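S.K.: Here are the chains, one letter per residue:
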Amino acid sequence: MIGYLVLTPFLAALLAPVLVLLLGHRASWILALVPGYLLYRFFEFVPAVAKGETVLQSHEWLGGFGINYSFMIDGLSLTFAFLILGIGFFIVIYAGGYLKGHPQLGRFLAVLLAFMGSMLGLVVSDNLITLFVFWELTSITSFLLIGFDNEREASRRAALQALIITGLGGLVMLAGFTLIGLVGGTFELSELLSKGEVIKEHGLYSLIFWLVMAGAFTKSAQVPFHSWLPNAMEAPTPVSAYLHSATMVKAGVFLLMRTYPMLGETELWETVLPLFGGATLLAGTILAVRDKDMKLMLAYTTVASLGLLVLMLGVGGERAIEGAVLYLIAHSFFKGALFMVVGTVDHEAGTRQIDKLSGLRSAMPITALAAALAALSMCGLPPFIGFLAKESIYYSLTHGGLHEWTIAIVAIVGNALMFGVAASIAIRPFMGKWIDPPKAVHEGPVMLFLGPLVLSITGLVTAIFALQFMQTNFFSPMVSAVAGKEVTLDLHLWHGINPALILSVITVGLGIGVFIFTAELKKIFDKILNFISWGPDKGFDQAICFLTWFAGLFTRILQTGEIRTYMRITFLITALTLLVPMYNLNIWPNVPSFPKLSLWEIGVFVILVIGILQVVFANTRLTAIISLGIQGFSVALIFMLFGAPDLSFTQFMVETLSVVIIALVLTRLQLMKQDRRSSLSLIFDGVVAISVGVGMGALLMNITQLPLDMRLSEFFSTYSAAIAHGRNIVNVILVDFRAIDTLGEITVVLITGVSALALIRVKAIPEKKTTKGSPALKETS
Amino acid sequence: MNTLILRTIVPLLTSLMVIYSIVVLLAGHNDPGGGFIGGLIAASAFALYGIACGVAPVRRALYFHPISIAAFGMFLSAMSGVISLYKDVPFLTGIWWFPEIAKGVEVPLSTPLMFDIGVWLVVVGSLVTIALALEEKE
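Just so you know, the protein sequences line up as chains F and W, in that order. Numbers given in my numbering equal positions in the first sequence, counted from 1, plus 3. Numbers given in my numbering equal positions in the second sequence, counted from 1, plus 33.
Quick caveat, the hints were computed from the structure, so don't treat them as lab data. Quick caveat: nothing in here was measured; it's all calculated off a predicted structure. Note that the Cβ used here is the ideal one computed from N, Cα and C, for glycine as well. Treat the hints with care, since some could be wrong.
Looking from chain F toward chain W, a few residues come up when the C-beta cut is under 8 Å (computed) [to be verified]:
no.: 1; residue: 653
no.: 2; residue: 660
no.: 3; residue: 664
no.: 4; residue: 729
no.: 5; residue: 730
no.: 6; residue: 731
no.: 7; residue: 734
no.: 8; residue: 745
no.: 9; residue: 755
Which bits of chain W does chain F cover? Going by a derived footprint, with three or more residues having C-beta under 8 Å, they are [said to hold, decoys possible]:
no.: 10; region: 69-79
no.: 11; region: 104-110
no.: 12; region: 118-130
no.: 13; region: 147-161
With the hints as extra help, turn the sequences into a complete structure.
M.R.: Rendered as structure tokens:
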């Protein structure tokens, strides 16, 4: 049943363009019912999961490989599903309002829903391979979303960058998954999670770890792969709000949480994750403070938040996981809301440059309220869920050794900078003196402010009124699922004065400082970054440039367009693959003893040798080809003498036809009549040819000296008449026992015929200068 | 190679070769031969005809475009597999009939035969396509 639920958004995606055609932008109200309905269906799992149960459902897919379309619902996947569907519900509505009247709205909503389905499938998958399929589907759908505005180059570049980075990371991750499957003996996560020790103690653990991290870090935009995420802001704002703050980038964090019982709490894990997470947290916040574009500021803080999440998972232990889980949920609420707020401002006021906006509160009161509520949660102030998250993080960091305290300092700096950014976004555009924005500004329609308002209020309500409910139904099961054991949380808004609270106060103090001195900080960061100047974003371009340059170089060397080069390369490699293994393993065949040949056998052999010599010393190509035919006829004779009439028959015909066809080619295509080459290339070609001959001969001799496995021959000779009613075994094999092979072969023959026809009939003509971009090929017959 | 002797003898030779190729095709299941070899023989026959008398007579003689012949052969071979599916056996399993056309005379018919005829057509069609295209002057 879960399988069908996961497929529902894809079905809705198919319907979306039609609905938009019929209803215009109002279609998004109806399409929003899909995540709404799914949300309702997923509520059925809440009681079971709250009790600590795990719901498993499986459909066989590729059973022989242990790949199933199987699903697991536990605290972790359920909470993620709720985030994806809940935020998705508002995003779909918001998208309708934001892209109202856009000609491609149908396509947009379709891809958005497909993305939702991929993401949902990703989080509820129980099978690693199924998970991977959904993982790459999110990469592809987000590629389509980021590149939605495909006429802009920046948009295309961002989309490609995201696809290349996350797609490659995903492929590397697949290698890791395969290894996990080999080590753990199954691809089912539900079974693997209980076998964590087996994987952690296996010799391949560190390799698996790095491979899986490649997937998680690229998807979650950890330094140095972070550059795709801010660039992805080229996408329309609903996309940014959904994929790049609330869901998609969290796929990496999800993976870390999912694999925590399998891969976590090792020395490697607790070193690498804090390192990458910390670097990402600091880089993200610094870049965020520096920027003026509100959407980019938010994007960079997303990078930072992901860093913080990875950092906390790296610290490990129940309390740190609790912090990470709470922060993840809080982040989804406030970041989703803030993105939509910025989108609304951009939509209504015509700009999202923070220094061009001021005093909007009177014109856009609801949006301003949503912004304020979300930003307060982002700042980590009570009584918002962001506060709970921050307290949990600090609590876990203050109850450890030096390692944790070092991390605590990183976290405080990061949080303070984030506080400054959040305050800037909530205060600077809305408060202060009125500046006329580029467009006449007024409050957005309900489609635009519904999402941010609900999400930001949720962040407040969760912490004050529904804390107990959320704790039992979502927070505790999720933490338990990540930690791999039963954990019960005990969250309160007021814990009394403890080290965590003191750190919070320090953070707030620093954050206010950051807010006030933003301009000064910006200058300092600018100086530092200009000093470094090179960054991963530039690096990406350089890497791609290098790749195309290298590909070009490689192609120019290999694909010269000269058939002689192709033949040389092919035969050289053939010779090497034949001779090198034999030389290395020293498996040369014994020279067989020659039996006494009868007269006609000697005769055939002599004709054969004469044919070959004639080929080598022929003056014109036509003579060479006909001599080659003589040699081929001799071989056919040998086949006949040794009792293979079918083969010999075929050989005769093939030789005849090749001579005819090659002769026709030569006369028709007016190739050179004679084969001239320099003595150097003559020697080279001779050596290559002889090496291939020797290698092939040695290979065949080696094979004939092996004991022959007669089982197949016996099978065919016993059954060809009995089963297939035929005495000619060769033909019976071709048309009956192995008919599907023959079917493939005649397909090849047919394709050869078609392509030869195309190649012969189409003639290249010199391109005319007057017709721009006209095809260089013209049909001549 | 447009000599009188060749032009006189080749049509005869071609017809003999085509008949022979069909014999080889049908005999193939029990004796040396089969669709592939038969197809090669027929293709050489047409190539020879083309060399001696030009492309146009060959095209007229074939009536259908050689590539269509090849494509129909492909279709026939694939369909012979589909028949097995209707009999609830795996794709391309041989199905045999022994209809009695006269008293005591049984003619063995089978999907492998149909398959082999398909192979014959594909080989003839494709090779003749190539040979004729090469031979054809602009």
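S.K.: If a hint holds in the structure, say so; if it does not, say that too.
M.R.: Against the structure, the hints:
At a threshold of 8 Å, the smallest CB-CB gap from residue 653 of chain F to chain W is about 5 Å, leaving the interface hint in force. Among the interface hints, the one on residue 660 of chain F holds; its C-beta lies about 6 Å from the nearest C-beta in chain W, closer than the 8 Å criterion. A least Cβ separation of about 6 Å between residue 664 of chain F and chain W falls short of the 8 Å threshold, and the interface hint therefore holds. Taking 8 Å as the C-beta contact cut-off toward chain W, the hint placing residue 729 of chain F at the interface holds, the least distance being around 4 Å.
Satisfaction of the interface hint for residue 730 of chain F is found here, the shortest Cβ-Cβ separation to chain W being roughly 4 Å, below the 8 Å cut-off. This hint holds: residue 731 of chain F has a C-beta 5 Å from the nearest C-beta of chain W, less than the 8 Å allowed. Here the hint on residue 734 of chain F is kept, as its CB sits about 4 Å from the closest CB of chain W, short of 8 Å. Hint status for residue 745 of chain F relative to chain W: holds, with the closest Cβ pair at about 6 Å, below 8 Å.
Nearest Cβ of chain W to the Cβ of residue 755 of chain F: about 6 Å, under the 8 Å cut. The hint holds. For the region 69-79 of chain W, the proposed coverage by chain F is satisfied: 6 residues have a C-beta within less than 8 Å of a C-beta in that chain, meeting the threshold of three. Chain F is given as covering the region 104-110 of chain W, and this holds because 4 residues of the stretch bring a CB closer than 8 Å to a CB of that chain, at least three being needed. Look at the region 118-130 of chain W against chain F: 4 of its residues bring a Cβ nearer than 8 Å to a Cβ of that chain, three or more, so the hint holds.
Remark: the region 147-161 of chain W is confirmed as covered by chain F, as 9 of its residues place a Cβ nearer than 8 Å to a Cβ of that chain, reaching the required three.
In this structure, every one of the numbered hints holds.
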